[in-house]
Each structure stands twice: as C-alpha cells, then as structure tokens.
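Protein chains: 2
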Amino acid sequence: MMSKQFAERTLKATEAGIADAFAVSDNADLISFAGGFPDAGLFPNAEMGDAFKEAFGNTQNLLQYHGDHGYQPLREQLAQRLSNDGTPTQPDDIILTQGAQQAIDLVARMLINPGDGLVVEAPTYFGALGAFDNYDPTYYEIPMQADGMDMHALRKALMAHSFKLIYTIPDFQNPTGVVMSLAKRQELLRLAREYNVVVLEDSPYRWLRFTGEQLPTLRALDTDDRVISLGSFSKILAPGLRLGWASGGQKWIAAIAALKNGADLESPFMTMVAVSNYLAHNDLDAHLAKLRAVYQAKKDAMVRVLHQELPAGFSADDPQGGFFVWLTAPAGVDMGVLLKDEILPQDHIAYIPSKNLYPSKRVVNAARLNFTGEDAATIRTGIARLSAALARATQPTVTAALS
Amino acid sequence: MMSKQFAERTLKATEAGIADAFAVSDNADLISFAGGFPDAGLFPNAEMGDAFKEAFGNTQNLLQYHGDHGYQPLREQLAQRLSNDGTPTQPDDIILTQGAQQAIDLVARMLINPGDGLVVEAPTYFGALGAFDNYDPTYYEIPMQADGMDMHALRKALMAHSFKLIYTIPDFQNPTGVVMSLAKRQELLRLAREYNVVVLEDSPYRWLRFTGEQLPTLRALDTDDRVISLGSFSKILAPGLRLGWASGGQKWIAAIAALKNGADLESPFMTMVAVSNYLAHNDLDAHLAKLRAVYQAKKDAMVRVLHQELPAGFSADDPQGGFFVWLTAPAGVDMGVLLKDEILPQDHIAYIPSKNLYPSKRVVNAARLNFTGEDAATIRTGIARLSAALARATQPTVTAALS
Numbered sequence: 001m002m003s004k005q006f007a008e009r010t011l012k013a014t015e016a017g018i019a020d021a022f023a024v025s026d027n028a029d030l031i032s033f034a035g036g037f038p039d040a041g042l043f044p045n046a047e048m049g050d051a052f053k054e055a056f057g058n059t060q061n062l063l064q065y066h067g068d069h070g071y072q073p074l075r076e077q078l079a080q081r082l083s084n085d086g087t088p089t090q091p092d093d094i095i096l097t098q099g100a101q102q103a104i105d106l107v108a109r110m111l112i113n114p115g116d117g118l119v120v121e122a123p124t125y126f127g128a129l130g131a132f133d134n135y136d137p138t139y140y141e142i143p144m145q146a147d148g149m150d151m152h153a154l155r156k157a158l159m160a161h162s163f164k165l166i167y168t169i170p171d172f173q174n175p176t177g178v179v180m181s182l183a184k185r186q187e188l189l190r191l192a193r194e195y196n197v198v199v200l201e202d203s204p205y206r207w208l209r210f211t212g213e214q215l216p217t218l219r220a221l222d223t224d225d226r227v228i229s230l231g232s233f234s235k236i237l238a239p240g241l242r243l244g245w246a247s248g249g250q251k252w253i254a255a256i257a258a259l260k261n262g263a264d265l266e267s268p269f270m271t272m273v274a275v276s277n278y279l280a281h282n283d284l285d286a287h288l289a290k291l292r293a294v295y296q297a298k299k300d301a302m303v304r305v306l307h308q309e310l311p312a313g314f315s316a317d318d319p320q321g322g323f324f325v326w327l328t329a330p331a332g333v334d335m336g337v338l339l340k341d342e343i344l345p346q347d348h349i350a351y352i353p354s355k356n357l358y359p360s361k362r363v364v365n366a367a368r369l370n371f372t373g374e375d376a377a378t379i380r381t382g383i384a385r386l387s388a389a390l391a392r393a394t395q396p397t398v399t400a401a402l403s
Numbered sequence: 001m002m003s004k005q006f007a008e009r010t011l012k013a014t015e016a017g018i019a020d021a022f023a024v025s026d027n028a029d030l031i032s033f034a035g036g037f038p039d040a041g042l043f044p045n046a047e048m049g050d051a052f053k054e055a056f057g058n059t060q061n062l063l064q065y066h067g068d069h070g071y072q073p074l075r076e077q078l079a080q081r082l083s084n085d086g087t088p089t090q091p092d093d094i095i096l097t098q099g100a101q102q103a104i105d106l107v108a109r110m111l112i113n114p115g116d117g118l119v120v121e122a123p124t125y126f127g128a129l130g131a132f133d134n135y136d137p138t139y140y141e142i143p144m145q146a147d148g149m150d151m152h153a154l155r156k157a158l159m160a161h162s163f164k165l166i167y168t169i170p171d172f173q174n175p176t177g178v179v180m181s182l183a184k185r186q187e188l189l190r191l192a193r194e195y196n197v198v199v200l201e202d203s204p205y206r207w208l209r210f211t212g213e214q215l216p217t218l219r220a221l222d223t224d225d226r227v228i229s230l231g232s233f234s235k236i237l238a239p240g241l242r243l244g245w246a247s248g249g250q251k252w253i254a255a256i257a258a259l260k261n262g263a264d265l266e267s268p269f270m271t272m273v274a275v276s277n278y279l280a281h282n283d284l285d286a287h288l289a290k291l292r293a294v295y296q297a298k299k300d301a302m303v304r305v306l307h308q309e310l311p312a313g314f315s316a317d318d319p320q321g322g323f324f325v326w327l328t329a330p331a332g333v334d335m336g337v338l339l340k341d342e343i344l345p346q347d348h349i350a351y352i353p354s355k356n357l358y359p360s361k362r363v364v365n366a367a368r369l370n371f372t373g374e375d376a377a378t379i380r381t382g383i384a385r386l387s388a389a390l391a392r393a394t395q396p397t398v399t400a401a402l403s
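Each protein sequence line maps, in turn, to chains L and E. The numbering of the first sequence is this note's numbering, which starts it at 1 and goes up by one. The numbering of the second sequence is this note's numbering, which starts it at 1 and goes up by one.
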C-alpha cells in the first residue's frame, strides 16, 4: 500500500517489476532465463583492470569534475566505430551516459510532456517502459511481425493520433529477437518524416549478429536529424561499466546533456578513460567475434532443445543474433501465472512473462528467454525442464481427465 | 530557439545554466570561483588506483549486473560511519546513487506530482533546482538567515499552502555557508510533522567543518521516518567516482530503488567495490582532517582578502566549513550582469551570480564564491582582482561623475 505522499509515477515503478526480472530464488537449482545477463566468463576483466590501472597512472585530474558530453578520445573512438558501421558520426554527435538505460530516460525526459503520444513495439523492452512511465506518455502499441513493426498499424496510428516519439529496437529486438527489414526501416522513416515524429533507435545488440546480413541503422537512413540512436558497452564489454551512449543531431545531444546535468551531473570520467584505454590496446572486433561464436552456440543449444521438447501448441523463434528467444504458448495459457504458481517454485526455472512487455499487459501467452547468461549444458537442462513443466501444466493427463 | 518537439522541462533545463557554473573561458588568466570543485591535489589517486586494482584482482562477477541497493559491504561501512556520526543507520537504510545529484533527482521523482508544493531555501543549490524542475513543482522560497531558514516564513507558507517536500542543506549550506541552528532543526521537524511534509536533508559538506561544534543531523532528530538524508563521496574523496547515497526509512529507499531501475538500472558495482576497498585500507578520518586543514586555510585566505579589499557596501560571510563564501553587493548591483559584461571578459574572474540560485530569480545582488578549487595564492590574486573590479564597476570615478 503506497502512501499518498508518493507521486503517481512511483506507484507505477514499484508495480512495474523491473527488479523482478533479475530476481533469483534462493533455490540453488534455479536456472534463470529471465535477466538479460551477458556471460561473465567473456568479460575482459584483466584487460579492463589494466585499462583502469593505466587511467589512474597517467591521467591528469582523473577524479575531478569534467562536465561536457564525456571523454573526448572515447567519443572519437566511438564516432569512428559508428562511421565504420555505416552511420557517419562526429564525436560531437555523441553523449556518453550511464548505460543506454539512462539515455532512454533522458530522451523521454527531453521530449515527453504528460499525455504525449509514444509509439512502442508490442512487445518491447520493459526497462524502456520503466523509464517512459515517469513522463506519463500515452502509449500506442504496434504489433511486432517477423520482419519488424506492423507498418500498416503504425500508419493508422499516426493518422489517428498525435505523436512525439517512436521507440524501436530494430536489431535483434528485445524481447522477440526480430530484425526490422530494410523496407520497413525505410517506411518507418518515411512515416516519421510525414508525421514529424522523432525516432529513438535502441541498438544494444546490433554487433551481436550470428548469421545473415547486417542492415543499415535507422540513423544511417535518416535524412533530417530525426533519429537518435542508442548503444551500450553493457552487452559487448560488460554491464558493470554502466556506460552507454546516445548519438544524433547536435540539437538533441545538447538538450540531453543539459538534462543529464540535472540527473547526475556527468558520467564517471575514470570509466570513460579506462574504456578508451581498453579500446586503444585491444581488438574489439576480435572480442566481438568471440562473443558471437559463444552466444550463437548457446542460442543453438536453446533452440534445438525447444524445438525437440516443447509440447504441442508451443513455438519458439530462432533469432539471427542478440540475447533472446521468444516463446509463444497456446492462446489462453498465462505464462506469468504459470511462472509464479508452478514453474518458479516447483521447477526452479525463471523467464520474463509477456504480460510485463506490453504497456497494456494484454498478451499473456508468451515469454522472453535469455540464452546468454547460463552455459550451454545448463541451458539444455533448463529448457528440457521448462518444456516438461509446460507439458505438465498445459496438457491434462489421462488421470486428470478421468477424475 | 527550442523546437516545439521538446518537452517543456527541456526548455527550463537548457536555460537553467548548470553547465555555465562549470564554464571556463579560454583565457589562461581565468581564476574561477564558480564551480564547486574540490582541490584535485587532495584526491587519493594512488590509493584509489590500488583499490580498483584489488577490485579487479579478486571480486567475482565484478563487471556483471548486480541490481539491489548497491554493494552490501560498502553500505555496511557507510551505515557504521553514519551511526558513529550520531545518526543510527542500518545497511538497508541506504541506497547508493550516481552522486547525491541523482539522489535529489530520484527523491523528487518519487514525491512530486506536477504542481506539488516544494519548499527550498532561498538561495539554494542550483543543481537541485535543475533536478526539481523536471517534475514541475510549485516552489516556495524561504529566506536564509544567519542560523538557517526563516522559521516564521516557513510556518506561514505551510499554513497557507500544501507541500510534499522541504529541501534543505543544513550544514554549510550551498551557497551561503550557513549552518542551521539546533533550535531551527528541531522547529523544522516539528513543522514537518505538523503539516506532514517529507524533509530532504542534503549534506555533502557535513564532514568538512573547520571550527565550531557539529550539530545533530535532521535525520538523527527525526522521530517518524520523514527525513531522507543525502551524502556524497564527491567532496570527501573525489567527484569523479560519481558515488553518493540516500539514507532513510526503508519505504523511501525501496521506492527510490524502483525508480533508479528506470533511470539507469544500477550504479557501477566495480566503483562501489573499489570505494569499499579504499575505506577498508585507509583512514578516512585522517583524510578528512587533512581536507579540513587545507580548505580552512583557503577559506581564511579568501575571507581575509575580501574583508580587506571589498569596496564599501559589499560584505562577505566567514563560514565554519564547507566550500563556499557568500558575497553580498549593495542593493541595485546585478552581479550577473557585471559578471557577463565586465568581470568575466575583462577581469577573467568567474563566480555564480545569486540570480541562478533562486527559482524566482529575484535576488541579483549577491554571488557564491568557491574557495576549494584554486590554490591559496591564486585565491588571493583572484579576490584582489575581483574586489578591484567591483570597485571600478560600482563606484563612479570622479572623471565619470564630471563627464
């Protein structure tokens, strides 16, 4: 029971249950496919330790306030990398943030007056909803299809309502793993121009493609500075760095910087220096190739067991990259209720039920499964156990039918 | 000219000019009393480098997500320190944040619906206004006196309007340097109880007292969980760590944690581990004693020259601790206009004009001078130059009078 002293957004936040995604049971048997945890065995601990040591050894005013948009050499390195990826970027087009999560919060803060229209994919990243909720938008959910957002539904929504912002994860979408097709990327931008809407492209998984051809970013296709792109070191180096970025036109970056002052003054200079040192002395592309190989093998392990063991009526997608497999249950099966009542307490398996991934909470028969956090053997064990639990819970036994 | 695409709060933020406080001119002669910069020569660089090295050497999952309220051993060390300072605190009463700045933002986010009443001291910390502005409060300014907020004015305001929150900096207030008396601390809490208002006690300077007796914190005097206290390592270790904390009743801390999830998921675990290591191996009290000695000498240097050189009609306070001296000019002198038109471009001196320190912008004839960032010799040179500039700008010469 919340006190009336709290603001309304606080009630939403305490109900939103982002923390639940990272909840672990005390049971040592728990196998969690819930959080978006990278494989900690792949973190470059020693190299990053050296990078911090170098930072402390020879950086003037390392621990002082610095202000501005973040350590200039790191913004130069990032600009080069984004440009090489096909999105021409200058260092001044970038601001460094506390993970991409803070950038989502700041972009919403920059644009959303209470009640303003906000398009989200349905389902979408629940952490983005946790940020957006603070600014009281009017959500419009656009269904996801196998090649990205339903553009007919988007056009209809844009014709019928007024919007400030479209939030999309075009590469290996969280939670569905879907990649938006080139045709839909182009159509999305046409619509955004026609209806004068800003596009927030959240792309933490882009450089984790296992198979298939990379497509241009929305910002690469943008012709009139209406796309703000987000990236993060969380999935490609380590989340504990808490370092991400927003890139886009300088009018956006300047406003985000002004709002970041009020939010936390600035990001830690020492971390930005250390990550810059890491990038100077290590081959990030080689590191990414290693991540892709390990994560593809884990994804293959998960999808193979799912396709073998899932009971009739269930299906699972096979993504080309990213962190997540999308599991769909037969209509009428509430994966959230199943999780809470049976699968977590009895089977010690965790996942994110689809209900939390729609602002409207309207879809209950699906779930997000993360395949990066656990090792391949554990994934096989866990998915077999989950499949058996789903069979038990949803297929009445002969005994039950006769009783 | 802001685009109509921006939210209203963005206009406020880009006008608020927090960034200006840290602005430096390109002139090598510039002496800045503007920012609240600690003396970088006092940062424990080597010790902190060792603390990071230790963290990288032997901490499991150092770079993984961890969630929760921050590294438990550090919360234990902080709880012990706060308890020793007379404010009984459990580790679970604490959440670690991106500096105290983020804690201000999150407390406002937790409590303030648009239009809700918010009491601030007048003048106050402009960074707090930069955070509060995002949540669209109705500000009520309570004038500062030599012993803290004017309690008669506070009582009148509480009788006349409805309030959610009182924001106060009771120890070495930013910007006035004032310490709230014990009688006023008690009266403030009586009023807060009577009118059911939450109190946000922002105390980054508390452990930097040069002279006089320490008074109990508001949270130590609190009897019904209505005070949330903020602290920071920025002024006592180094701001580049970006590490602060909120402490208070667990209903507040839990709500702040939920909102922090949406803001940036969590603070960097590696930094919390490193600061915990630092505290385990170093004597923070000895470090604080060194800071106090150095800062007192700088403060003495600044106040001595001010008292010798300021022209007639100007006055400067002599604070017992903290980071700032408050300078008052004769009525009618606009210290902001003087800064912009003459003192910054001609005399290469920077300070924070009082106008930015009132939500109403109603007081223009005062300024905040920081004494910690520059060395004592530079302070003497700068204050002599500032005094001469103020004399030149405000006392018409005989020539001018005759012309």
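Read the hints as simulated data drawn from the structure, not as lab findings. Each hint should be verified, as a subset may be incorrect.
Below 25 Å or equal to it, Euclidean Cα-Cα: the simulated DSS-like pairs (lysine-lysine) are [unchecked claim]: (1) E/Lys-290 / E/Lys-251; (2) L/Lys-361 / L/Lys-340; (3) E/Lys-361 / E/Lys-12; (4) E/Lys-156 / L/Lys-4; (5) E/Lys-251 / L/Lys-12; (6) E/Lys-12 / E/Lys-251; (7) E/Lys-251 / L/Lys-251; (8) L/Lys-53 / E/Lys-53; (9) L/Lys-156 / E/Lys-4; (10) E/Lys-156 / E/Lys-361; (11) L/Lys-251 / E/Lys-184; (12) E/Lys-361 / E/Lys-340; (13) L/Lys-156 / L/Lys-290; (14) L/Lys-251 / L/Lys-290; (15) L/Lys-4 / E/Lys-251; (16) L/Lys-12 / L/Lys-251; (17) L/Lys-53 / L/Lys-361.
Across the chosen pairs, the derived CB separations fall in these ranges [claimed, not checked]: (18) L/Gly-115 / E/Arg-193: 33 to 43 Å; (19) E/Gln-214 / L/Ser-360: 26 to 36 Å; (20) L/Ser-181 / E/Glu-47: 49 to 59 Å; (21) L/Glu-15 / E/Asn-196: 40 to 50 Å; (22) E/Asp-68 / L/Asp-283: 42 to 52 Å; (23) L/Asn-282 / E/Ala-286: 32 to 42 Å; (24) E/His-281 / L/Glu-15: 37 to 47 Å.
Here are a few chain E residues that sit away from chain L, every Cβ distance over 10 Å (derived from the structure) [as the list claims (entries may be wrong)]: (25) Gln-5; (26) Arg-9; (27) Leu-62; (28) Thr-223; (29) Leu-241; (30) Ile-253; (31) Thr-328.
Computed from a predicted structure; not experimentally measured. All residues carry an ideal CB built from backbone N, CA and C; glycine is no exception.
Structure-based check of each hint:
For the suggested pair E/Lys-290 and E/Lys-251, the alpha carbons sit about 37 Å apart, so the restraint of at most 25 Å is broken. Of the pairs offered as hints, the one joining L/Lys-361 and L/Lys-340 holds, with about 16 Å between alpha carbons and a cut-off of 25 Å not exceeded. Proposed proximity of E/Lys-361 and E/Lys-12 is supported: the alpha carbons are some 13 Å apart, at most 25 Å. A C-alpha spacing of about 23 Å is found between E/Lys-156 and L/Lys-4, which places the hinted pair at or below 25 Å, so the restraint holds.
Proximity of E/Lys-251 to L/Lys-12 is assessed by CA-CA distance (about 15 Å); at most 25 Å being required, the pair is judged to hold. A C-alpha spacing of about 31 Å is found between E/Lys-12 and E/Lys-251, which places the hinted pair above 25 Å, so the restraint is violated. For the proposed pair E/Lys-251 and L/Lys-251, the alpha carbon gap of about 39 Å is over 25 Å, so the pair is violated. The hinted pair formed by L/Lys-53 and E/Lys-53 meets the criterion: a straight-line CA distance of about 7 Å does not exceed 25 Å.
For the given pair, L/Lys-156 sits about 23 Å from E/Lys-4 by alpha-carbon distance, which is consistent with the 25 Å threshold. A distance of roughly 21 Å separates the Cα atoms of E/Lys-156 and E/Lys-361; the hinted pair therefore holds under the 25 Å criterion. A C-alpha spacing of about 46 Å is found between L/Lys-251 and E/Lys-184, which places the hinted pair above 25 Å, so the restraint is violated. Between E/Lys-361 and E/Lys-340 the CA atoms are separated by roughly 16 Å; this keeps the pair inside 25 Å, and the hint holds.
Between L/Lys-156 and L/Lys-290 the alpha-carbon distance is near 43 Å, which puts this suggested pair outside the 25 Å criterion. As the CA atoms of L/Lys-251 and L/Lys-290 are separated by approximately 37 Å, the hinted pair breaks the 25 Å bound. For the proposed pair L/Lys-4 and E/Lys-251, the alpha carbon gap of about 13 Å is at most 25 Å, so the pair holds. Under the criterion of a C-alpha separation no larger than 25 Å, the hint pairing L/Lys-12 with L/Lys-251 is inconsistent with the structure, at around 31 Å.
For the hint linking L/Lys-53 to L/Lys-361, the alpha-carbon distance of about 47 Å lies beyond 25 Å, and the restraint is violated. As the Cβ distance of L/Gly-115 to E/Arg-193 is approximately 36 Å, the hint placing it in 33 to 43 Å holds. Between E/Gln-214 and L/Ser-360 the CB atoms are about 54 Å apart, so this pair departs from the stated range of 26 to 36 Å. Our hint of 49 to 59 Å for L/Ser-181 and E/Glu-47 holds, since their Cβ atoms are close to 54 Å apart.
Our hint of 40 to 50 Å for L/Glu-15 and E/Asn-196 is violated, since their Cβ atoms are close to 24 Å apart. At about 34 Å, the beta-carbon gap between E/Asp-68 and L/Asp-283 misses the expected band of 42 to 52 Å. Checked against the hint of 32 to 42 Å, the C-beta distance between L/Asn-282 and E/Ala-286 comes to roughly 38 Å, which is consistent with it. As the Cβ distance of E/His-281 to L/Glu-15 is approximately 42 Å, the hint placing it in 37 to 47 Å holds.
For E/Gln-5, the shortest C-beta to C-beta distance to chain L comes to about 6 Å, within the 10 Å cut-off, and the non-interface label is violated. The claim that E/Arg-9 lies off the interface is violated: its Cβ sits roughly 7 Å from the closest Cβ of chain L, which falls inside the 10 Å cut-off. With a least CB separation of 6 Å from chain L, E/Leu-62 falls inside the 10 Å interface cut-off, contrary to its annotation. Here E/Thr-223 stays apart from chain L, with its beta-carbon at least about 17 Å from theirs, past the 10 Å limit.
Some Cβ of chain L comes within 10 Å of the Cβ of E/Leu-241; the nearest lies about 7 Å off, and the non-interface call is violated. At roughly 12 Å, the least C-beta separation between E/Ile-253 and chain L is larger than 10 Å, which holds for a residue marked as non-interface. Distance check on E/Thr-328: its Cβ is at least 27 Å (rounded) from any Cβ of chain L, clearing the 10 Å threshold; non-interface status holds.
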